[in-house]
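Protein chains: 2
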Amino acid sequence: MKDPAQAEGEEETLDPRDWDRVRELGHRMLDDMVEYLRTVRDRPVWKPIPEEIASSFHEELPRGATDLGDVYRDFSRRILPYPTGNIHPRFWGWVMGNGTVTGMFAEMLAAGMNLNQGGGAQSGGLVEAQVIDWCKAMVAFPSGGSGILVSGGSMANLVGLTVARNAHAGFDVRAEGVAASPAPLRVYASAEVHSSVQKAVELLGLGKNALRLIPVSAGFTIDLEALRRTIREDRLKGCRPLCVVGCAGTVNTGACDPLDELADLCKAEGIWFHVDGAFGALAALAPGLRGLVKGMERADSLAFDLHKWMYLPYEVGCTLVRDPAAHRGAFALTPDYLEHTTRGIGGSDLWFSDYGIQLSRGFRALKVWMSIKEQGIDKFARMIRQNAGQAKYLEQLVRARPELELLAPVPLNIVCFRYRGGVLGKKPLDELNKELLLRLHESGVAAPSYTLIADSYALRVCITNHRTRREDLELFVAEVIRLGARLEKETARAGAAAAAGGRA
Amino acid sequence: MKDPAQAEGEEETLDPRDWDRVRELGHRMLDDMVEYLRTVRDRPVWKPIPEEIASSFHEELPRGATDLGDVYRDFSRRILPYPTGNIHPRFWGWVMGNGTVTGMFAEMLAAGMNLNQGGGAQSGGLVEAQVIDWCKAMVAFPSGGSGILVSGGSMANLVGLTVARNAHAGFDVRAEGVAASPAPLRVYASAEVHSSVQKAVELLGLGKNALRLIPVSAGFTIDLEALRRTIREDRLKGCRPLCVVGCAGTVNTGACDPLDELADLCKAEGIWFHVDGAFGALAALAPGLRGLVKGMERADSLAFDLHKWMYLPYEVGCTLVRDPAAHRGAFALTPDYLEHTTRGIGGSDLWFSDYGIQLSRGFRALKVWMSIKEQGIDKFARMIRQNAGQAKYLEQLVRARPELELLAPVPLNIVCFRYRGGVLGKKPLDELNKELLLRLHESGVAAPSYTLIADSYALRVCITNHRTRREDLELFVAEVIRLGARLEKETARAGAAAAAGGRA
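From first to last, the protein sequence lines stand for chains A and B.
If you read the first sequence in the working numbering, its first letter stands for residue 2, the second for the next number, and so on.
If you read the second sequence in the working numbering, its first letter stands for residue 2, the second for the next number, and so on.
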């Protein structure tokens, strides 16, 4: 049905009929969002979504129009109040950044320009190339390397491992596929490696059995001797060691593998050296932390995120590759309709689609460019140092309290610990800490996440948060102790009641 | 070095020191961008980047801070004036959408909330689930299917083909890898299939030799008899036909394969049926076009974009999968640190990271939700019908002018033609049209792209543009004829000069 307001034969558009009104609405949205960020500290970290809201997202596909003001009101009522929580000063769950006001503005500008970063002669390509040069400088990667911005760490690892497979398997994998390999291909990483590496190995058709998980030593870093032994055994079995993945900051504890030694080993063995530096790579910015990731710059491919420890809004990660020809050779594919020209819109040497999986690509480079320009990289270095210092501070707070138990070393920005109080036994301790975590989330006071450390349930605090202050950590520790003590009492009462019931 | 304005011991943040000033700057950006979009018709479609601008993007990594106002001025001078051009009413190159004002606002809101759509108990998951339900309704896909929003068509095809491989290869590909296949796996698609399908087949380790490109019939749709024969031959050779990829709108001409017949064939043969409907899938919205993609709803997996023919800003595409268990089974992977809980932030059934490659994911669902709400799907249906009608109109304009030659049928929204004037011979015609395209771009009047049709260089007009009017196409045709005639004269003069030179 034709829009009744439309004159016969007149063509329609999705542009506003009343630009001024829509502009005013936009200003209201911007005001609201800036205020939302300015006041984030005053709200709970997170709150559960009420059932009537959760169940309301089952609407029929809307056929007719709704006034944008009403759509925005709906957003403000049903969506805005229930975020993940990672914008909050006391969110330390998983590995998430906060985003920034400038990042938010940049996303608006990028969406307005809506240019296609697949390639071509447009300014976005220049911005992305500039940002990649900066990324190389940030992590001390060779300036002759190539790179691409991707959606995040999972994709960054996939891109790096694709280059490893296609450039280093010793035959034409792109044409013949993995099955043509004269020897089974093997990838090596510590048992603490991120799950996205397994996902990538599976996607690439190598199969997760090809991923050899090497035990870790006390500091949760890869056991080099075990790695050497496994490689030796695999060679004897007729396998071809393709790639070693080093961790610059594991997700569980922030451990950094001995990257220099891994680089030496890979060089000696002729193995591709990939580093997953999702957040840890950026430790290279801070002089005091740089030593932890030394050797990372020797990687053949390096994956890291900018929406984690660079605090930018989702999505943006980066893959750097030492050998640009290997990088391009792993992906480039130019059909007739994409033939690159020397002039006009297709007239550019910058075709990012030749260096990754996406053809059409958004302008995620803009928020990186604007943020680095505005803050300067020294500021980011200070923020990263500040977060690492806060983790050390939390470590001290935990060590100082007998009710708490540190479960892993704190090399970087992650603290794993638990409430132990007077509770004895693994299972009750695990149960108590599990419940403690959920009550922390539900209280809205703080949001750590969880993991298993040597099979013990751990509260896990990962500080990639530019809003966190030391006082937030003090408040958090006090709350953990308060909740822990209460849970201990509840457990004791329940135990007594059960015992009494048993006697009855 | 510590920020000098920072008191000793005080902690820093990336939040603004002066919120009011930054808010004012944001309002200025928003005003400028809305004005930029309102006046887009008054500017050239595209213009080349001046050398002094292009060469300026080689700055050292900035160490110190720059006032955000200055950064924005720099953006306005060096970046904003040089977009790809696809926001313009007369941009018809490749397959690109325009973006919308609402899409731009939504991206700002999404970046402000900065939630992580990997999963968990937050409103974004509900929004994405709602949007996927709407996507299923839009393309008449079974409501029991699963889906995920991805960065675009390349990723959407990769996700669909990953499910095909992992669910349908007949062995545990995730564990054992492609090399464990008892029989070589084969994927089938027409020779007109998009390059992203080859990219996906390569990424998945099948090798491009596993992709059997089937010849097309006169309308550039897959030759069903040739497909049947190839499958038969492959089976005789001991190969396992894994997947047929049907095209709902080829990139060259907009041709739609006979999807119902392909569905029948796949059912009979026990082959996975994937449909690449990057833009064409949305033809299902318009009653008059729906017949072209009939059978698409029978696909096992379906890939399409929302940043093309839904006109939304980059990036957003979608994969739908008929069997949710197969979909989840192809990707799900839950390490300790991602253990899903029943309460707290991890307490949700909606873990999109189990249905795709990304773990951390941005809130691209919001722009889809807001846009469908605001415009209503009937409006999108009318816009798509309008674009298809405009393509038919251009076809008529081309057919009416003896200087122009239509090179392919116009089933949907793509018109391939060339200027022929009085020029004779393949090579001169190709050269003339190549130059004509570049001059069109350089003039800023209109931006078609190019392809080869039966080995002839074609100007290719793909209308996925909500700002295009018929008058734009009239202007374009007039300009093609004017430029073509001029080039013909130049060619003749150059030929005469060369001949004279030859005689001298």
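Hints were generated in silico from the structure; no laboratory data involved.
Among the hints, a few may not be true.
Put simply, identical chains are the same to the list, so a pair is met inside one copy or across any two.
[What the hints assert, rightly or not] Here are the simulated lysine to any residue pairs, SDA-like style, with alpha carbons at most 25 Å apart:
hint, residue 1, residue 2
1, LYS209, GLN199
2, LYS48, LYS238
3, LYS48, TRP352
4, LYS209, LYS435
5, LYS435, LEU214
6, LYS490, THR231
7, LYS428, GLY330
8, LYS427, GLU60
9, LYS238, ALA184
10, LYS428, GLU270
These are the hints, each one checked on the structure:
1. In this assembly of identical chains, the alpha carbons of LYS209 and GLN199 lie at most 25 Å apart whether taken from the same copy (6 Å) or from different copies (23 Å).
2. Neither within a single protomer nor between protomers do LYS48 and LYS238 lie at most 25 Å apart by alpha-carbon distance, with minima of 54 Å and 59 Å respectively.
3. Taking the closest pair of Cα atoms, LYS48 and TRP352 come within 25 Å of each other only across two copies (18 Å); inside a single copy the shortest separation is 44 Å, beyond that limit.
4. Proximity of LYS209 to LYS435 under the C-alpha cut-off of 25 Å is found in neither arrangement, the shortest distances being 30 Å within a copy and 48 Å between copies.
5. Taking CA atoms no more than 25 Å apart as the test, LYS435 paired with LEU214 passes in neither setting, with 27 Å inside one copy and 54 Å between copies.
6. Taking CA atoms no more than 25 Å apart as the test, LYS490 paired with THR231 passes in neither setting, with 49 Å inside one copy and 72 Å between copies.
7. Taking the closest pair of Cα atoms, LYS428 and GLY330 never come within 25 Å of each other, the shortest separation being 52 Å inside a single copy and 31 Å across copies.
8. Taking the shortest Cα distances, LYS427 and GLU60 never come within 25 Å of each other, neither inside one copy (46 Å) nor across copies (56 Å).
9. Proximity of LYS238 and ALA184 under a CA criterion of 25 Å is satisfied in both settings, with 9 Å inside one chain copy and 24 Å between copies.
10. Taking the shortest alpha-carbon separations for LYS428 and GLU270, neither the intra-copy value of 44 Å nor the inter-copy value of 52 Å comes in at or below 25 Å.
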